[in-house]
Each structure stands twice: as C-alpha cells, then as structure tokens.
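Protein chains in written order, with our numbering: chain P, 293 to 587; chain D, 2 to 266; chain G, 6 to 322.
Please note that the accuracy of each hint is not assured.
Unchecked claim - Pair ranges (Cβ atoms, derived):
#1 238/D with 317/G: 41 to 49 Å
#2 198/D with 574/P: 46 to 54 Å
#3 283/G with 423/P: 30 to 38 Å
Claimed, not checked - With the Cβ distance kept under 8 Å, some of the chain G side facing chain D (calculated, not the full set):
#4 185
#5 186
#6 193
#7 196
#8 199
#9 200
#10 202
#11 203
#12 206
#13 207
#14 314
#15 318
The hints are simulated quantities; they were obtained by calculation from the structure and are not laboratory data. Just so it is clear, CB atoms sit at the ideal spot from N, CA and C, and this is done for glycine as well.
Each chain, letter by letter, is given below.
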Amino acid sequence: MTVDATYLVQLTLNGIALGLLYALIAVGLSLIFGVMEIINFAHGELLMLGAFAMAFVLPVTGLLYWPALAAAILAIMLVGWAIYEVLLVRLRTDEFERSILITLGLSIILIHLMQYFFTATPRLVDTQYGFNGVEIGSIRITWTRVIGAGAALAAFAGLYLVLRYTQFGRAMRAIAQNREAALMVGIRPRVVARNAVVLAAGLCGLAGAAIAPIQLVTPYMGQFLIFKAFALVIIGGLGNIPGAIAAAIGLGLIESWIGGFFEIAWQEGAVFVIMIVVLFLRPDGLFKKGGMRVG
Amino acid sequence: MSAILEVSDLRKAYAGVHALDGVSFAVEAGSITGLIGPNGSGKSTAIDCISGFQKLDGGKVVLAGQDITGRVAHHIARTGLMRTFQTVRIYERLSLRDNLAIANQQFDAANWLDELLRTRRYRDAVEAAEKRARQLVELIGLQRYWEIETGILSYGQKKLVALAAALMPHPKVVVLDEPVAGVNPSRIREIEAALGELNRAGETFLIVEHNVEFITNLCHRVIVLDQGRKLAEGTAAAIHTDPRVLEAYLGMTPEMAEAEMRGAA
Amino acid sequence: MKLLAAPLASMVAALLLAALPLVTSSNYVIGIGLSALIFTVAAAALNLIYGYTGLLSFAQLGFWGIGGYATALTVVTFGGNFWWGLLWAALVNAVLAIVVGYPTLRTNRHAFVIVTLTFALLVTLIARDWVSLTRGPLGIPNLPAPEAFGHRFAGTAQFYWVAWAFSVAMLGFLYALCSSRIGRTLVAIKQNEPLVRAQGIAPVPYKLAAFAISAAITGAAGGVYCFHLGIIDPLFLDFYYMQTFLIIVIIGGAGSFWGVVVAGVVMSALPELLRFSEDLRMVIYGAILVVAMFVMPSGAAGWLRERQLLRMREHVR
Numbered sequence: 293m294t295v296d297a298t299y300l301v302q303l304t305l306n307g308i309a310l311g312l313l314y315a316l317i318a319v320g321l322s323l324i325f326g327v328m329e330i331i332n333f334a335h336g337e338l339l340m341l342g343a344f345a346m347a348f349v350l351p352v353t354g355l356l357y358w359p360a361l362a363a364a365i366l367a368i369m370l371v372g373w374a375i376y377e378v379l380l381v382r383l384r385t386d387e388f389e390r391s392i393l394i395t396l397g398l399s400i401i402l403i404h405l406m407q408y409f410f411t412a413t414p415r416l417v418d419t420q421y422g423f424n425g426v427e428i429g430s431i432r433i434t435w436t437r438v439i440g441a442g443a444a445l446a447a448f449a450g451l452y453l454v455l456r457y458t459q460f461g462r463a464m465r466a467i468a469q470n471r472e473a474a475l476m477v478g479i480r481p482r483v484v485a486r487n488a489v490v491l492a493a494g495l496c497g498l499a500g501a502a503i504a505p506i507q508l509v510t511p512y513m514g515q516f517l518i519f520k521a522f523a524l525v526i527i528g529g530l531g532n533i534p535g536a537i538a539a540a541i542g543l544g545l546i547e548s549w550i551g552g553f554f555e556i557a558w559q560e561g562a563v564f565v566i567m568i569v570v571l572f573l574r575p576d577g578l579f580k581k582g583g584m585r586v587g
Numbered sequence: 002m003s004a005i006l007e008v009s010d011l012r013k014a015y016a017g018v019h020a021l022d023g024v025s026f027a028v029e030a031g032s033i034t035g036l037i038g039p040n041g042s043g044k045s046t047a048i049d050c051i052s053g054f055q056k057l058d059g060g061k062v063v064l065a066g067q068d069i070t071g072r073v074a075h076h077i078a079r080t081g082l083m084r085t086f087q088t089v090r091i092y093e094r095l096s097l098r099d100n101l102a103i104a105n106q107q108f109d110a111a112n113w114l115d116e117l118l119r120t121r122r123y124r125d126a127v128e129a130a131e132k133r134a135r136q137l138v139e140l141i142g143l144q145r146y147w148e149i150e151t152g153i154l155s156y157g158q159k160k161l162v163a164l165a166a167a168l169m170p171h172p173k174v175v176v177l178d179e180p181v182a183g184v185n186p187s188r189i190r191e192i193e194a195a196l197g198e199l200n201r202a203g204e205t206f207l208i209v210e211h212n213v214e215f216i217t218n219l220c221h222r223v224i225v226l227d228q229g230r231k232l233a234e235g236t237a238a239a240i241h242t243d244p245r246v247l248e249a250y251l252g253m254t255p256e257m258a259e260a261e262m263r264g265a266a
Numbered sequence: 006m007k008l009l010a011a012p013l014a015s016m017v018a019a020l021l022l023a024a025l026p027l028v029t030s031s032n033y034v035i036g037i038g039l040s041a042l043i044f045t046v047a048a049a050a051l052n053l054i055y056g057y058t059g060l061l062s063f064a065q066l067g068f069w070g071i072g073g074y075a076t077a078l079t080v081v082t083f084g085g086n087f088w089w090g091l092l093w094a095a096l097v098n099a100v101l102a103i104v105v106g107y108p109t110l111r112t113n114r115h116a117f118v119i120v121t122l123t124f125a126l127l128v129t130l131i132a133r134d135w136v137s138l139t140r141g142p143l144g145i146p147n148l149p150a151p152e153a154f155g156h157r158f159a160g161t162a163q164f165y166w167v168a169w170a171f172s173v174a175m176l177g178f179l180y181a182l183c184s185s186r187i188g189r190t191l192v193a194i195k196q197n198e199p200l201v202r203a204q205g206i207a208p209v210p211y212k213l214a215a216f217a218i219s220a221a222i223t224g225a226a227g228g229v230y231c232f233h234l235g236i237i238d239p240l241f242l243d244f245y246y247m248q249t250f251l252i253i254v255i256i257g258g259a260g261s262f263w264g265v266v267v268a269g270v271v272m273s274a275l276p277e278l279l280r281f282s283e284d285l286r287m288v289i290y291g292a293i294l295v296v297a298m299f300v301m302p303s304g305a306a307g308w309l310r311e312r313q314l315l316r317m318r319e320h321v322r
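Between the sequences and the hints, there should be enough to build the whole structure, so can you do that?
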C-alpha cells in the first residue's frame, strides 16, 4: 500500500469538505439542544427538505446556483419556524423523551410524505457549474464542493459573529448557560428558542442545498447523516458548538482517510467506536460542556 | 454520651471559593444538633459532602467509629447515615406505603431469591418493615394516606414523609436539610413535635436550618458556620448571646439583640 | 386493575390466544396473531427499560436484529438447533448490552438515547456490509422449522404455538420482575435517582440489569420472529420495527405492564387496517406518535390513572 502524496491530499480535502458538512448539521443540533435541551430527531429531514428545495428551485432559476441556494435556505428556515410554532413551543425543558418522540414522529411523517409525493427514486441535481471544477496539480475538486465548503465556512463565521456580537446571539448563549438567570433578566425563552430553531434549520437547509448537486437526492438522505451528527454532538459535548465543529471536521478527516484505505464498512463504524471510547474516558464529551462558549 | 458522627477539618473549594475551610464538629449520639449559618456559610456543602453527594477536597468523616470519608452516597447510607433534601424528595407517584418500603429495602436481610421463593426470611422482613412503617406513619399523623399516592400531599406533609422514610432503616444519625423551609407555621410545630418524640425514643439528628426559633426549641447543641469556618458552638441559649454569631448572622450587637428579645417577650 | 383480576384475566386471555389456530385456518390471520404476540414481547421488553427505568433505548432494534441473526446463524452456519439459537440470541445481546451500557449509563440520559440510536444504526450497517458473516443484502433464507421431542413445528399454525409458548413465558417472567422489589426499585430510580442513592441503593447495577434483560428478551423475540418469516436479511433491521415497539409502549402507557400488553395485542391489527399504502401507513404512524405525545403522553394506562388520581384527590380532601 503505497501512500501517494496527492492521494492523501485529495483525501484530506474531501475529508474537510465532508467534515464541514457534518459540522453544519451538528451545530444546528447543538444549538437547539443548548437552548431547549431537546434533541431534534427531524433534523436530518430538514437537510433532506433543503436538498429537495434545491432540486425544485434550480430548474426555475435556470440552474443558477446562488438564487436557488438562497431560496432553499429561506424555505427551510420557514419550515423550521413552522415546526417550532406548531410543535416544539409546547415542550418544557425537562421533557426530553417526549421531545424525541415528537420529533421522531415528525421525521417519520416528513420522510414518508416526501416518498409518497415524490417517490424514492434518487434525483440528480444539476447546477450552472455542472461537473466543472478547479484543478490543483493532479487534484481535482468540483466547484459545487468548493462552494459548499465555502458556504459552510461563511455560515460558521456568520454564526460566530451573531452569537458573539448581537443581542439575539447573546440571549441564546445566556439561556444555554443558565436558563433561570436568563429568564430573570427578562430574556424571553420562546423567542430565543424559536430563533435557535430557525437558525439551525437554516444551517441544515444550507447543508442540504449544498449536498444536492454532489449526491443523489432521496427522501432518506437525511437519515444516513443524522446519526453521525448525534454522535458528534455527544463527542463534542452536548450544547458545545465549537466542540461540535471540531469533532465534525475530525470525523470527516478520519472517515475520509479510513475510506480511502479500508473497506467502507469500517468507515461507518468509526464514529460509533470513537463515541463509545470518548464516553468511557470523558462522559461529558471531549470538550467541556461550554453551554455555547463561542471561543 | 459518645460522638456518633465526627467531622474533622472539612475542606471543599469550587472555582476558587472556599465553601468549606477546615470545619470540625461532632454530633453526640441521642442528641439533636443544629447547624446554622448565614447563606454561603457552607452548611449545605457540609451536608452534601458528609452524605457523599459531593466530594471533599480534604478532611475526615467518621460515623460510629467507621471512616466513611470519600465513600459514595449509597455506601454512606448503608453505613447508617440517612439524610433528607432541601427541596423535598419522595417518590411522588408511589403510595406512602411503597415510599417507606423502598426506604427500608436495602437494609433487610432478604434478597431477590428470597422474594421469588417467598422464603420465611422475606416474609419476616416485609412484616417487620410494615410494622415500623405504620408506627412512623402514626407518628407523623398521615394514616389516611397509607395507600394514597404521595404526590397529592401538601408540601409540609411531603416533608413529613421524607422524614419518616429516612427513619425507616433505624439509622445511626439522620441529617435533615432544612426540614421546615417553605412549610407553614402550624405544620412546623407538628414537625417539631415529631422530631422531639423521635429523639426521646433514641434517634440522633443533625439539623441544618435557617429558622432560628425552630433550632432554639429543639437543639441541645448548635454549631454556627460562617464563610466556610466554624464560628461558634454551644447551647442554643449561648449561641443567641454570642456576639460573634449575632454580628455574622443577625448583623446585630449584643445590646441590639437584648433589646429585640425584650421587645419580643 | 385489582390484584386478583389481572392474573386471572390474563390466564383466560392466554388460553384464548392459544386457541387461535384451532379457530381459523387462515395463515394470514394466524400470522397477524403471531406478530401480535412477538411484538408485544418486544414492546414489553422496551417497557422495562423505558417505561419502568426511564431510559429511552433505541438499541432494542439492534438487539432484535442481532437476535435474529444469532438464531439464524446458529442453525444454518453452526449446525445447532433453534432453541440453542434463541439462547445464544439472548446471551449475546445481554453481554452487548452490558458492554455498551456500562460507559453510557454512567453519563446522562441524553447521551444514553443517542448512543443506543447509534448502536441500532450501526447494527443495520453491519448486517448489510459484513457479508462474510451475514451474507449481506441477500440474507439467510430458508430457515428451517424448529424441532422438539421429534416433532417438527412446520407451517404457520404449528409455529404459532412456539411463538405463543415463548410469549407467555417471557411476559410471565417480565410480570414477575416488574411486580417484584426490583421492578419497584427501577420505578424509584426513574422517579428520583438522588433519593434512591440516599436510601442506600446503587442505581447503576439496576439500570444495567434492566438493560441487559430487555436486550436478551428482545433478541430472543427477534430470533423467533425471523424463523416465522423464514428468512433474515438487513430489512429485519428496518426502523419500522422500532417504531412499532415504541408506539405500542406509548399508546399503552410507558410503565404500565398491562397497558403495554393490551396495546400490543390490539395494535398489531392496525398495520393490516392501514395496508392501502405503505407510505401513508407510516405517515399515520408518525401522526399517531405526535398526537399521542400531546393528547395522551402517558398512554391509555396513564390516562386511566389520571382519572383514578382525580377521584382519590376528591376522596381525600
């Protein structure tokens, strides 16, 4: 097994792109957990809806990437808002299992409705960039991947700024850190929770829309990714956003390297083994439960 | 009378704050000892550390001659130290009868095999526990609620249930964490009477409380903590006139306290 | 339910259920009855870890699948018989539950849910990808009928009695467990763990035991069910089964032994009523979950209990 330098670099770049994608999903989950102390089981479906939105809007915009991306993200943020107002708003913080079951039910409903209306046939999504890419030496990366990664990075930068410098973001951090104290200073939990859900939905929608041109779009696509996101949230520490991002990128790299040299089955098992080991050694996750420390 | 519970040089710090800074005291067997102090003095931390719910950074805890320092909560309970909690803890969805039965479960000689085969040992254990439970329930005056889910009881009644549960396994010492906090005055007198009666029957109590009247009426000895250290120790009367205590706790000088007492008399 | 009525009623019900193949010759109907029995057992096992102990475990799906594969492999690859296969299914899952449970149960309940979910999904992937052991997507077909004392339980009607005996045994065991001190301790742990510790009881061994027992029983149930299907393949690990077990527990009432049992028997007819469209059936399942969580979060048994409580409160005031 000769280790080709360019192969390794290619794997690493893929790994980072994959990791950024995982990070978008995991951060959304972590955000919702930090603010509401619930796990959103329908999170993967938000991603799937983002992908489908992209698939439907692209033909309308004449395959123009950016307007379609924006439309998809907005659409999913709207869905997130609806989910919050109809379902999640009635949950209290100590109703963890109930929240899981409600969002599980929602997940089932979404997947099967999409399957009912649009069938499970995988869809190929085409954009203005087609399969064109950028070449660095003998390494080739498609534009869609590059843009996807770039958009993710931009989203994280934006999230950082929001959490750190806006009142909206500070309120979220306050609630995550100490709910009672936050309530006492007049922060309204409903508003913050709704904002968190909408924001998380936006991140997921972005992830889905970015994946759409890269992978085939099916109603089940969210399911494959979501369990890894759950594991990442545990590894990074529940509610810890930088932790989730670090864990996600780490996982992306590890999976990419393993997948490049071993069978794909081991790749999938990697995340589970890592999670169990981490739980054994550090029950609170690899990073301290920061309650959304931003840095 | 010998000390049933002895703590020496307890130390606990978090985030740079010394919650406990070398606290030592002893609880005599058969006594009611009070542990008081202003907020932040370390009373709750002391209780949590002694009962195994928090880890000590330093110091020693000896129960009836046995060193229980550093043991986990359930181990300490089995050694004979039972405690109640500031925010009352009972099994709200279970009946009073079941609440008391579980409290005794770990302390009888029967195991799961005995239960399965309904051996003599199991039946005797259950009978003895039931007898004791009925005695305690009568003492706290909640006979009508024997089969009733304890969740429907009032806050004060729940505190009584928690007290009875702590007493079920004939503990060596019962530590009460603010037993009358949030309880209405008539109920407080009930709890006082119950504790008095139990003490006359031989039970030992360490009571953490804010309610000074309650402490004064009940306790033989009172220990005062302030900012993680023992400030004073003595009879309730002595504590009342100790100038250090008055200043730290009540913010008064002895003259002001005397004026207050005369005013109340 | 009053103390004497329950065992009596359940014995009568059990006998009635045993008579099913005598009453109808339709394999289809008997098949539904069989599914009802096995799903009820799996749901009762989930009830033990979730309803009684308060730990929502998605690992049950993994145990179900491993149990099925263990039983099938014992018979097909290792030349053992069906009964040994069931035993292995139970043992392997109990050990796995302890291995996975030990680090996880010491953390919080959030982590537990997620780890168990990941476990189940991992098992699904292994079933599909570890082809040398599980034969991958093709699965292991032609599972033979079990034999005992020289008699072959061939055909759905015959196998029904195997399933019936199994279910009665498992439910009987679970009932004894849930009504014992151990069951009571699990309930106490769910309601107020710090109090349990203050009363001298170590919670972790109990949680581990409940997890291991529920894993073993679910695994054995999987073993029985795959022999009913006659084949085991990765579809056996479809999330649909987990959803079914979960819905039975929720509708019946988590923590209520009889609630779950009755719900299990009653609800197994439901999928058949909703056969018109696979997807719409699942949409309705999902909707039931969501609605139940709002309207009847403690299930039918819980709702009955609330009414009983109200009456008690009136009585006592």
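Outcome of the hint check:
Taking 41 to 49 Å as the suggested C-beta distance range, the pair residue 238/D and residue 317/G conforms, at roughly 47 Å. Here the CB-CB span from residue 198/D to residue 574/P is close to 50 Å, well matched to the stated 46 to 54 Å. In this structure the supplied range 30 to 38 Å holds for residue 283/G paired with residue 423/P, their Cβ-Cβ distance being about 35 Å. Residue-level restraint check for residue 185/G holds (minimum Cβ-Cβ distance to chain D is 6 Å; threshold 8 Å).
Because the beta carbon of residue 186/G sits about 6 Å from the nearest beta carbon in chain D, less than 8 Å, this interface hint is met. Using the Cβ-Cβ criterion of 8 Å, the hint placing residue 193/G at the interface with chain D is satisfied: the shortest such distance is roughly 5 Å. Annotation: interface hint on residue 196/G holds; nearest CB of chain D at approximately 5 Å, less than 8 Å. About 6 Å separates the beta-carbon of residue 199/G from the nearest beta-carbon of chain D, less than 8 Å, and the hint is met.
Interface hint at residue 200/G: satisfied, since its Cβ lies 4 Å from the closest Cβ of chain D, which is below the 8 Å cut-off. Restraint check, residue 202/G versus chain D: the minimum CB separation of about 4 Å is within 8 Å; hint holds. Annotation: residue 203/G was flagged as interfacial toward chain D, and the flag holds, the nearest CB pair being 6 Å apart, inside 8 Å. With a least beta-carbon distance of about 5 Å to chain D, the hint placing residue 206/G at the interface is held under the 8 Å criterion.
Taking 8 Å as the C-beta contact cut-off toward chain D, the hint placing residue 207/G at the interface holds, the least distance being around 5 Å. Taking 8 Å as the C-beta contact cut-off toward chain D, the hint placing residue 314/G at the interface holds, the least distance being around 6 Å. The beta carbon of residue 318/G comes within 5 Å of a beta carbon in chain D, closer than 8 Å, and the hint placing it at the interface holds.
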